[in-house]
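**Student:** Model the full assembly from the supplied sequences, consistent with the hints where possible.
Residue numbers (the UniProt record's numbering), protein chains in the order written: chain C, 1 to 73; chain A, 1 to 598.
Hints may contain errors.
[What the hints assert, rightly or not] Pairwise CB distance ranges, derived in the manner of DEER restraints:
#1 C:G37 - A:I124: 57 to 65 Å
#2 A:T110 - C:F52: 30 to 38 Å
#3 C:F48 - A:I124: 48 to 56 Å
#4 A:T110 - C:E21: 49 to 57 Å
#5 C:Y51 - A:F456: 24 to 32 Å
#6 C:G37 - A:G420: 31 to 39 Å
#7 C:D25 - A:L544: 21 to 29 Å
#8 C:D25 - A:W167: 35 to 43 Å
#9 A:S464 - C:F52: 15 to 23 Å
#10 C:D25 - A:P445: 54 to 62 Å
#11 C:Y51 - A:P287: 23 to 31 Å
#12 A:A168 - C:F48: 49 to 57 Å
#13 A:G497 - C:F48: 52 to 60 Å
#14 C:L38 - A:L157: 39 to 47 Å
[Unchecked claim] From chain A, some residues computed to sit far from chain C (all C-beta separations above 12 Å):
#15 A54
#16 I95
#17 A100
#18 D125
#19 L150
#20 F163
#21 E216
#22 G231
#23 F313
#24 M319
#25 W334
#26 A449
#27 L526
Don't read these hints as lab results, they were simulated from the structure. Note that the structure is predicted; figures quoted are calculated from it, not measured. By construction, the Cβ of each residue, glycine as well, lies at the ideal position given by its N, Cα and C atoms.
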Amino acid sequence: MDQATEELTQSRDREPERKREIGHDEFDPIGTLVLIGLYFLILVALWFFMYFVEFLGNDPTVVGLVLTVVGLQ
Amino acid sequence: MSEARDAYIDNFPAEAKVVRAAFYSSFFALALGGVFGIIQTLHRTDFYRFIDPADYYTVLTAHGVFLVISFTIFFLVGIFTWAITTSLDREVEDIRFTWAWYLLMAVGITLSGIAILAGFIDSIDMSASVLFTFYAPLQAHPLFYIGLVLFVVGTWLAGLDWFRSWWAWKAENPDERIPLPTFMVLTTTLMWYLATLGVAVAILFFLLPWSLGLIETVNPLLTRTLFWFFGHPVVYFWLMPAYMMWYIMLPKVSGGKLFSDPLARVVFVLFLILSVPTGIHHQYLDPGIAEGFKFIAMTNTMFLLLPSLLTAFTVVASMEHGARQRGGTGYVGWLKALPWRDPVFAGMALAGLMFAAAGFSGMINAGMNINYLVHNTFWVVGHFHLTVGTAVALTFMAVTYWFLPQVTGKALWSRSVALGQVVLWFVGMTFMSNAMHRGGLLGIPRRTAEPQYDGFEFEAAVGSVGELDAQVALGGVLLTLSLVLFFANVIGTALNGRSDALPANEYAETLSGPEDAPLVLDNLKLWTAIAVVLVIFAYTFPLLSIIDRGGLLGPDVNPFPVSLESVAFLTFAVEHLGTAALESAGNAVQTVVPGVIR
Ligand code: HEM
Ligand SMILES: [Cu+2]
Numbered sequence: 001m002d003q004a005t006e007e008l009t010q011s012r013d014r015e016p017e018r019k020r021e022i023g024h025d026e027f028d029p030i031g032t033l034v035l036i037g038l039y040f041l042i043l044v045a046l047w048f049f050m051y052f053v054e055f056l057g058n059d060p061t062v063v064g065l066v067l068t069v070v071g072l073q
Numbered sequence: 001m002s003e004a005r006d007a008y009i010d011n012f013p014a015e016a017k018v019v020r021a022a023f024y025s026s027f028f029a030l031a032l033g034g035v036f037g038i039i040q041t042l043h044r045t046d047f048y049r050f051i052d053p054a055d056y057y058t059v060l061t062a063h064g065v066f067l068v069i070s071f072t073i074f075f076l077v078g079i080f081t082w083a084i085t086t087s088l089d090r091e092v093e094d095i096r097f098t099w100a101w102y103l104l105m106a107v108g109i110t111l112s113g114i115a116i117l118a119g120f121i122d123s124i125d126m127s128a129s130v131l132f133t134f135y136a137p138l139q140a141h142p143l144f145y146i147g148l149v150l151f152v153v154g155t156w157l158a159g160l161d162w163f164r165s166w167w168a169w170k171a172e173n174p175d176e177r178i179p180l181p182t183f184m185v186l187t188t189t190l191m192w193y194l195a196t197l198g199v200a201v202a203i204l205f206f207l208l209p210w211s212l213g214l215i216e217t218v219n220p221l222l223t224r225t226l227f228w229f230f231g232h233p234v235v236y237f238w239l240m241p242a243y244m245m246w247y248i249m250l251p252k253v254s255g256g257k258l259f260s261d262p263l264a265r266v267v268f269v270l271f272l273i274l275s276v277p278t279g280i281h282h283q284y285l286d287p288g289i290a291e292g293f294k295f296i297a298m299t300n301t302m303f304l305l306l307p308s309l310l311t312a313f314t315v316v317a318s319m320e321h322g323a324r325q326r327g328g329t330g331y332v333g334w335l336k337a338l339p340w341r342d343p344v345f346a347g348m349a350l351a352g353l354m355f356a357a358a359g360f361s362g363m364i365n366a367g368m369n370i371n372y373l374v375h376n377t378f379w380v381v382g383h384f385h386l387t388v389g390t391a392v393a394l395t396f397m398a399v400t401y402w403f404l405p406q407v408t409g410k411a412l413w414s415r416s417v418a419l420g421q422v423v424l425w426f427v428g429m430t431f432m433s434n435a436m437h438r439g440g441l442l443g444i445p446r447r448t449a450e451p452q453y454d455g456f457e458f459e460a461a462v463g464s465v466g467e468l469d470a471q472v473a474l475g476g477v478l479l480t481l482s483l484v485l486f487f488a489n490v491i492g493t494a495l496n497g498r499s500d501a502l503p504a505n506e507y508a509e510t511l512s513g514p515e516d517a518p519l520v521l522d523n524l525k526l527w528t529a530i531a532v533v534l535v536i537f538a539y540t541f542p543l544l545s546i547i548d549r550g551g552l553l554g555p556d557v558n559p560f561p562v563s564l565e566s567v568a569f570l571t572f573a574v575e576h577l578g579t580a581a582l583e584s585a586g587n588a589v590q591t592v593v594p595g596v597i598r
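**Tutor:** The following block contains the structure:
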């Protein structure tokens, strides 16, 4: 790639286009709350799903696994 | 224009050389580790087998050791040295000392590496195919342990170097708060000192003398426990530098400021305190450790979720701050305002996203009872390719695109290739890791050259084992391609000419600065003391009871330097003793358990 343009884009992109300055007191991280809340819901859903994988899908694991892997069942 | 340049190499030319050497050592290890990674992936999944299955463990050991010992640690000593010098704004106290620890590390890991790789050559009577966990009764050539000792001592001296800088700075600035990056380096170093005590005792008192023939036997459970005393916190030794990058670089590249300096300090203090007294959570299935001790380890582990969740909040909030300053709006719309085309940003953000996914599989691993479902299965491999293999490795590769120009004075060879590289890693890891997790749920074991058995098939509720294998192999190939792009960029940059247009050597400012952090946070002595006390609580009784039961040097065990004779011996042992034992155990279980459960 052309070295000069490359460097140009670099220095341009590195200087983030700051449209406004937001100080500590004006900043309200509501989007963060939304994302973390979403993550939390996903965790709860997966946790719930685990119940089916672990307890309903299989025989109790310790037993089912050992016996099947060594071919006794 | 050139006199205006203010990169790291301009202000710290001597230090930049050491950091660069550490980076190149790290990348060399990454290249080697990657080669072994694709070999074992294709072998396991039966797409392409060209090595002798007996050599699989040599490959796996090389993959593990080169990636999680040399790649990660060389990289982090590089960025820690950068962080100390930059944030204290002072040169190292004595550059010869800095070179000395770097060289010690390099010599050490070379010796260990030779011992490992010699395992491929039958005519050399040397091997170290003990996996990166090197438990007894697997036994390596003494050179392997000696190399590791030198390497770790090198890291201890590196820590001393960073502390010397801080002490000297403090003498000149008695009333100032410790700058955040320095604070992070120092707390991580203290944690590392505490953690490595376990592995030092395991190697120096037991494994090395045993391998040299000075003592006949060791107590395997004791050395295992000492290994995990180190083996859990070592993951924070990899992770904390990545966190540091998320705290002090990511806000800057997002166009914002770090949300909270005090929260960042709290997180690092929590890691210092809680990292070590949790190692037993890797031993939930070890007989010989009482359930109560395992329960304590589980409780400490759950507390460790706290600093990770705090990190998630602080880091996302800092990104949001950047996005809103760049004009982003809405509840989730602000995400679009982030600089996704910047490889440094995109790589770190994707690494963080993967880490969030790893949070779930980590919670499964951490639960004492659910752990039985996944213990030693392919699930675990899927988990840590998300954590160390992506959250850490991808963050390191992404920040390389910022650091490399800083320490070489040359422009990055190609930003588009860099962007492609980080995205490819993310996609490849999505395939590989997801399929590994699912495979684990079916009971597919890890650390197995050819996980296929006569007369037995793993049953998949969704999809098939063939489909899982294909995804693992596809993922592995994409990851390997991603590595090729990475090295192309590293080499291309090294071959570039001097650049006059480099960004200045800076890290993120803070929205809420150290003046808001309680002074006690900077009291490193206090936190170290608490950490030591917790370790004493968590480990004294388990260690005493292990020694009490098995003896300091253990019952008589046969060492297994993994060679063909010992494989033959193992086969014999398994066939003649194992079947008998399994039969009787199986009978017992079959008669007792169904009665209890069904
Ligand atoms: C090209 C990219 C990679 C591929 C294709 C790959 C593939 C694999 C596979 C298939 C295994 C499991 C082998 C088995 O259990 O039988 C494995 C194990 C492992 N990988 Fe990777 N990996 C890659 C990158 C990484 C990275 C970047 C790291 C860490 C920084 C890493 C760390 C590990 C570790 C620690 C193990 C476990 C070794 C052991 O069980 O002793 N890998 N890898
Ligand atoms: Cu752990």
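**Student:** Hint numbers the structure violates, sorted upward?
**Tutor:** Hints 2, 7, 23, 24, 25 not satisfied by this model.
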